[in-house]
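Participant: Order-wise, the sequence lines are chains A and B. The opening position of the first sequence corresponds to residue 1 in our numbering, with each subsequent residue numbered one higher. The opening position of the second sequence corresponds to residue 1 in our numbering, with each subsequent residue numbered one higher.
None of these hints come from the bench; they were simulated from the model. Treat the hints with care, as some may be off.
As the list claims (entries may be wrong) - Pairwise CB distance ranges (calculated):
{"no.": "1", "chain 1": "A", "residue 1": "VAL144", "chain 2": "B", "residue 2": "HIS153", "range": "56 to 64 Å"}
{"no.": "2", "chain 1": "A", "residue 1": "ALA346", "chain 2": "B", "residue 2": "ASP94", "range": "48 to 56 Å"}
{"no.": "3", "chain 1": "B", "residue 1": "GLY37", "chain 2": "A", "residue 2": "SER303", "range": "45 to 53 Å"}
{"no.": "4", "chain 1": "A", "residue 1": "PHE339", "chain 2": "B", "residue 2": "HIS153", "range": "54 to 62 Å"}
What the hints assert, rightly or not - Selected chain A positions facing chain B (in silico; Cβ < 7 Å):
{"no.": "5", "residue": "ALA182"}
{"no.": "6", "residue": "ALA253"}
{"no.": "7", "residue": "ASP256"}
{"no.": "8", "residue": "ARG260"}
{"no.": "9", "residue": "GLY265"}
{"no.": "10", "residue": "TYR266"}
{"no.": "11", "residue": "LYS267"}
{"no.": "12", "residue": "ASP270"}
{"no.": "13", "residue": "TRP347"}
Just so it is clear, the structure is predicted and the values come from calculations on it, not from any experiment. Yeah, the Cβ is synthetic: ideal placement off N, Cα and C, and Gly gets one too.
Residue strings, one per chain:
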Amino acid sequence: MTSSISTNSSTKETSTGLMAKLSGLRNLHVVIGILLLATFYVSVCNLAFAEGSALHVSDYTVSLFGKYLCYALLALAVDLVWGYCGILSLGHGAFFTLGGYAMGMYLMRQIGDRGVYGNPDLPDFMVFLNWTEMPWYWAGSDSVLWMVAMVFIGPGILAYVFGMLAFRSRVSGVYLSIMTQAVTYALMLAFFRNEMGFGGNNGLTDFKEIMGFSLQSPSTKLGLFIITALVLAVAYVVCHYIVNSKMGRVVTAIRDAENRVRFVGYKPEDYKVWIYVVSAMIAGLAGALYVPQVGIINPGEFSPLNSIEMVIWVAVGGRNSLYGALIGAIVVSYAKTRFTAIMPEAWLFALGGLFVLVTLLLPKGIAGMLPGIMDKLKGKNAPEEEATASEPSATDNSATENKGSEVKS
Amino acid sequence: MIVDKTGTPITETENIQPDTRHGVILYVEDVSVSFDGFKALNDMNLYINDGELRCLIGANGAGKTTLMDVITGKTRPDTGKVSFGQQVDLLQLDEAEIANAGIGRKFQKPTVFEQLSVFENIELSLKGNKGIWASLFHKLNGEQNDRIAEILHTINLIQERNYPAGRLSHGQKQWLEIGMLLAAKPRVLLVDEPVAGMTGQETERTAELLTSLAGEHSVVVVEHDMAFVRSIARTVTVLHQGSVLAEGTMSEIQSNPEVIQVYLGEEQG
Ligand SMILES: Nc1ncnc2c1ncn2[C@@H]1O[C@H](COP(=O)(O)OP(=O)(O)OP(=O)(O)O)[C@@H](O)[C@H]1O
Ligand SMILES: [Mg+2]
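So that you can see chain A by itself, here it is in the shape it has in the complex (with noise of 0.2 Å):
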């Protein structure tokens, strides 16, 4: 297990020939084979040992781990655009809380007479409003069916106008970037105002049930968990493929020299919005996933900080890699619970130095490191596996692909 992710690694940027691709199927399976087995574990634990027993995981744990897993999502969706085509999106967050919007719409309507005001046909903050019926578009919300459609529409669509005016008008860099910024600062202001029709500030809140399910239990709790588990093996799944087809080649050959793919034939601002596309709406489908296990949307989660800290997990986790996004997402939403129970007012001042600390001394992230963290574990067994592994060429290649690696950093 071990070997076959520092295997891929090394030969990650240029994976070609068989050798690369064998090796990335592996890392696939490694990537899904531990997730899905944490998250076994985690159910387990949970379920079958009681509270006290020292191997006892708490409900509040369980929805904890289920948010960390959906900003792995989230981390997914960024380093598709950022670390694959170099679209550095600094407004993700629009997106994800899209997503949430859609879902909150949905758990709203589950509510029926249960509010505050105990209104049958109209949410609480409506209600209070004193208006007498829903606006047109909350039309629908209340089914299922329209609640997982909006969940990649929303997002979808936004990407996609975003994406046509910003790449077809030949955008890119910090122009896009601020952009990206300006759009969801954009989005914030707007559903900050109560006229929007979204609950306004206190936005959408108070959920009892999620398709007849109470959200209050602990058995919904896990199941939204196993299911947010379930979700990202496959859309890691997705993104492996996307990345290891030749889109994904095209979409690194549009990173690396956008206007020399032009002469080859191919359309970049195509490539773009197709894939800023499939990242938002991936994003989307974190927001819906993450809202329950929360019990809350607001404005607040189109903050631009949040977007940025969404490009971070990436940076930390390794830019570039799949697993290293997941790895960013939850080794730095695990610092944040952590940091913030001791001093949240510092958190900002340790993400920023994190960030500058990661861009100077791991500008591959954690995942660049893992190799050679994995060569030292390895020991003495490494040489011996090499030569199994590899035909007299690939020796020859993962030489030079190392040095490869070692300039391009």
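Since chain A is already given, all that's left is putting chain B with the ligands on it; use the hints.
Facilitator: For chain B with the ligands alone, coordinates are given in the frame of chain A:
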């Protein structure tokens, strides 16, 4: 939507067939390009015949690269017409559409996809559907694999097939770019300074390759290396300050007094 000169829509640039009944595949007529008032191309007229090998020479800044930029859609001319065959108006197409229509280009400064392997660079350049869905579900078939192997052999990079292209030497990058050109199977090859950075032997092989391509393809070569030009040239066009100064065989050009004065003269002197 893309339309040809008569207004008939062309849906697939891949299927564009230039009308070469008059024997000319590339028309450049009265083209001017200026950068901040400086005329890089000045009423340029140039006709490339179907299947010919044409050399473009001219001093630094004569406008050779700019001409290629105009033909491939990188730079829009201020005035003039550029067409592929008689009908396909290249000024209506963007870079990718022009490439798919069958005009390939090797850049003066070799630009390959450095993070991708040599093999992948060729793979991406293969002629074929360049759309999103085609790329997503693309699988190399046996024929394409053979084609790539053949090209790798031609450009002498079989050993290096799995190297990241960024690690190649300057000359090898030149070859790789030529390989990428071959993979695209273009009707017209625009080759900007192909032998810069190559050894004498490599230069010789490039000359052989380009000569062998002419006939089936039309090849336009820009080169400063006069020995190289002499070895491949049939027709030579001399550019000077953005316009055509002279055109003819190498010996005609060499005896042209104007050319001797502005170009060859300074080199021989
Ligand atoms: N984008 C640009 N902006 C401003 N000036 C430009 C630009 N591109 C080219 N020029 C100018 O146009 C003139 C023609 O340039 P071009 O690159 O076509 O020359 P060339 O014949 O290819 O020269 P060389 O042999 O040095 O490659 C030069 O004076 C150059 O400085
Ligand atoms: Mg030039």
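Participant: For the hint on ARG260 (chain A), just tell me whether its beta-carbon gets within less than 7 Å of chain B.
Facilitator: For ARG260 (chain A), the interface hint holds, since the closest Cβ of chain B sits about 5 Å away, which is under 7 Å.
Participant: Less than 7 Å between beta-carbons is the criterion; does TYR266 (chain A) satisfy it with respect to chain B?
Facilitator: holds (5 Å)
Participant: Could you check if ASP270 (chain A) really has its C-beta closer than 7 Å to a C-beta on chain B?
Facilitator: holds (6 Å)
Participant: Do the Cβ positions of PHE339 (chain A) and HIS153 (chain B) conform to the proposed distance bound of 54 to 62 Å?
Facilitator: With a Cβ separation near 58 Å, PHE339 (chain A) and HIS153 (chain B) satisfy 54 to 62 Å, so the hint holds.
Participant: With 7 Å as the cut and Cβ atoms as the points, is ALA182 (chain A) at the interface with chain B?
Facilitator: violated (27 Å)
Participant: So, TRP347 (chain A) near chain B? Judge it on the closest CB pair being under 7 Å.
Facilitator: violated (35 Å)
Participant: Can we keep the GLY265 (chain A) interface hint, with Cβ of chain B closer than 7 Å?
Facilitator: Given a least distance of 4 Å, the restraint on GLY265 (chain A) holds.
Participant: Are ALA346 (chain A) and ASP94 (chain B) spaced within 48 to 56 Å by their CB atoms?
Facilitator: Once the Cβ atoms are compared, 51 Å apart, the range 48 to 56 Å for ASP94 (chain B) and ALA346 (chain A) holds.
Participant: Hold the hint about ASP256 (chain A) up to the distance rule: shortest CB distance to chain B must be less than 7 Å.
Facilitator: Cβ of ASP256 (chain A) sits 5 Å from chain B, so the hint holds.
Participant: Under 7 Å, Cβ to Cβ, is where ALA253 (chain A) needs to be relative to chain B, so tell me if that hint holds or is violated.
Facilitator: holds (4 Å)
Participant: Take a look at whether the Cβ-Cβ distance between VAL144 (chain A) and HIS153 (chain B) falls inside 56 to 64 Å.
Facilitator: Given range 56 to 64 Å: holds, Cβ gap about 58 Å.
Participant: Can the suggested window of 45 to 53 Å be confirmed for the beta-carbon pair GLY37 (chain B) and SER303 (chain A)?
Facilitator: The hinted range 45 to 53 Å holds for GLY37 (chain B) and SER303 (chain A), with Cβ atoms some 48 Å apart.
Against the hints set out earlier in the document, violations occur for numbers 5 and 13.
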